[in-house]
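S.K.: Start from the sequences and build out the full structure, keeping to the hints where you can.
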Amino acid sequence: MRLLVQEIARCLDCARELREQYKLMCLRGDATRKSIDQLKNLIENYLGKAVSVHTLARQRSSIKAFYFAMKDGTYEIYLLAGMGDEEKRFAYCKELFHVVIDVEAYHNTNLHDHVYEVVATFPVTDSTPSPSVQSEKLAELAAMEFMFPYEDRQHILEGTKNPDAAEIASRYGVPQPYIELYCSEGHMGFAHAFRADPVTDAAQPS
Amino acid sequence: METDMNAKERLQTLEAALKQRGVVDVKFFFTTTADGALSTITNDVADALDDVLAGRVEKFDGLNDSALVA
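If you're matching them up, the sequences are chains A and B in order. For what it's worth, the numbering used here labels the leading residue of the first sequence as 1, then goes sequentially. For what it's worth, the numbering used here labels the leading residue of the second sequence as 1, then goes sequentially.
Derived by calculation from the structure, the hints in this document are not laboratory data. Treat the hints loosely; a few may be bogus.
What the hints assert, rightly or not - Okay, the calculated bits of chain A under chain B, using three or more residues with CB under 8 Å as the criterion: (1) 36–43; (2) 104–110; (3) 150–163.
Said to hold, decoys possible - So, partial list: chain A residues that the calculated Cβ filter (under 10 Å) puts toward chain B: (4) Leu79; (5) Leu80; (6) Lys88; (7) Lys94; (8) His98; (9) His114; (10) Val119; (11) Ala139; (12) Glu140; (13) Ala169; (14) Gly173.
Note that the Cβ used here is the ideal one computed from N, Cα and C, for glycine as well.
M.R.: Encoded structure:
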């Protein structure tokens with residue numbers, strides 16, 4: 001799936017800003033494993049966005065969680081049952097990042113078209129879905145940057161070619177498949193272009 | 001890719017109810033292991049939204065993962 005470069009940069013910047021604020025404002029702010037409860041408090045207190053969170057007893061579904069933006073500017077998150085601890089942390093964090101990165105251009109209430117487009121475009125590498133569908137991936141990128149940032153991945157990969165994904169997953173509280181994906185060569189190459197404070201030789205004025 | 005018409009109609013009905021409730025955007029976290037059939041996913045989405053509209057939800061008290069709790 002193709003994403004707009006400026007939107008990737010904006011969403012990663014949002015995640016980095018929240019990481020900085022988390023360090024300053026949260027207890028044990030420099031801990032490797034971030035508290036998602038504290039992230040929610042930060043979103044409410046620092047960004048001023050009200051979020052209510054609910055659970056559903058339903059499980060074994062095609063979805064793990066979902067999110068509503070409301071007309072009055074508040075947000076609702078729903079978590080389905082049956083997720084493991086790390087899966088639940090990540091699903092909660094990803095939905096919270098929908099709140100963080102929310103802009104009107106992402107809004108969509110045409111449920112059928114949205115679901116159809118996700119199914120049709122997510123697996124296709126060179127697809128260019130609508131902003132609404134792109135935001136599903138952008139929220140994931142931002143959540144990962146918050147929970148397991150590029151700099152940490154780079155540091156780990158400098159130390160070993162074969163990192164212990166299970167150990168990292170447990171340390172950061174992120175599901176192992178996401179650790180493996182985000183530490184992969186292809187993903188690191190992509191993330192390198194969007195790292196914080198990139199060396200901007202090519203952009204220097206002559 | 002075909003959608004079960006009943007599932008599509010269910011979603012359209014839910015869509016109207018959500019708009020009436022003040023919803024301006026909906027996003028989903030899909031499972032990677034889900035059966036990729038569009039009709040299955042559409043019905044799962046409709047079932048979950050039905051739960052919300054019928055009030056079959058509970059307030060989430062958090063993960064209790066903050067240092068204050070530990």
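S.K.: Is the interface hint for A:Gly173 satisfied, with its Cβ closer than 10 Å to some Cβ of chain B?
M.R.: holds (8 Å)
S.K.: Answer holds if the nearest beta-carbon of chain B is closer than 10 Å to that of A:Leu79; otherwise answer violated.
M.R.: holds (6 Å)
S.K.: With a C-beta cutoff of 8 Å, work out whether three or more residues of the stretch 150–163 of chain A approach chain B closely enough for the coverage to hold.
M.R.: violated (count 0)
S.K.: Mind checking the CB of A:Ala139 against every CB in chain B and telling me if the closest is under 10 Å?
M.R.: A:Ala139 check passes; min Cβ-Cβ to chain B is 7 Å, inside 10 Å.
S.K.: Can we keep the A:His114 interface hint, with Cβ of chain B closer than 10 Å?
M.R.: Nearest chain B Cβ about 7 Å off; hint holds.
S.K.: So, A:Val119 near chain B? Judge it on the closest CB pair being under 10 Å.
M.R.: Holds. Min distance 5 Å.
S.K.: Does A:Leu80 meet its interface restraint, that is, does its C-beta lie within less than 10 Å of any C-beta in chain B?
M.R.: Since the shortest Cβ distance to chain B is 7 Å, the answer is holds.
S.K.: Using 10 Å as the Cβ threshold, decide whether A:Ala169 counts as touching chain B.
M.R.: Result: violated, 15 Å to nearest chain B Cβ.
S.K.: Is the interface hint satisfied for A:His98? The criterion is a beta-carbon contact with chain B at less than 10 Å.
M.R.: Holds. Min distance 5 Å.
S.K.: Mind checking the CB of A:Lys88 against every CB in chain B and telling me if the closest is under 10 Å?
M.R.: holds (7 Å)
S.K.: Using 10 Å as the Cβ threshold, decide whether A:Lys94 counts as touching chain B.
M.R.: Interface hint status for A:Lys94: holds (6 Å vs cutoff 10 Å).
S.K.: For the stretch 104–110 of chain A, do at least 3 residues have a Cβ located nearer than 8 Å to some Cβ of chain B?
M.R.: holds (count 5)
Checked against the numbered hints above, the structure breaks hints 3 and 13 and satisfies the rest.
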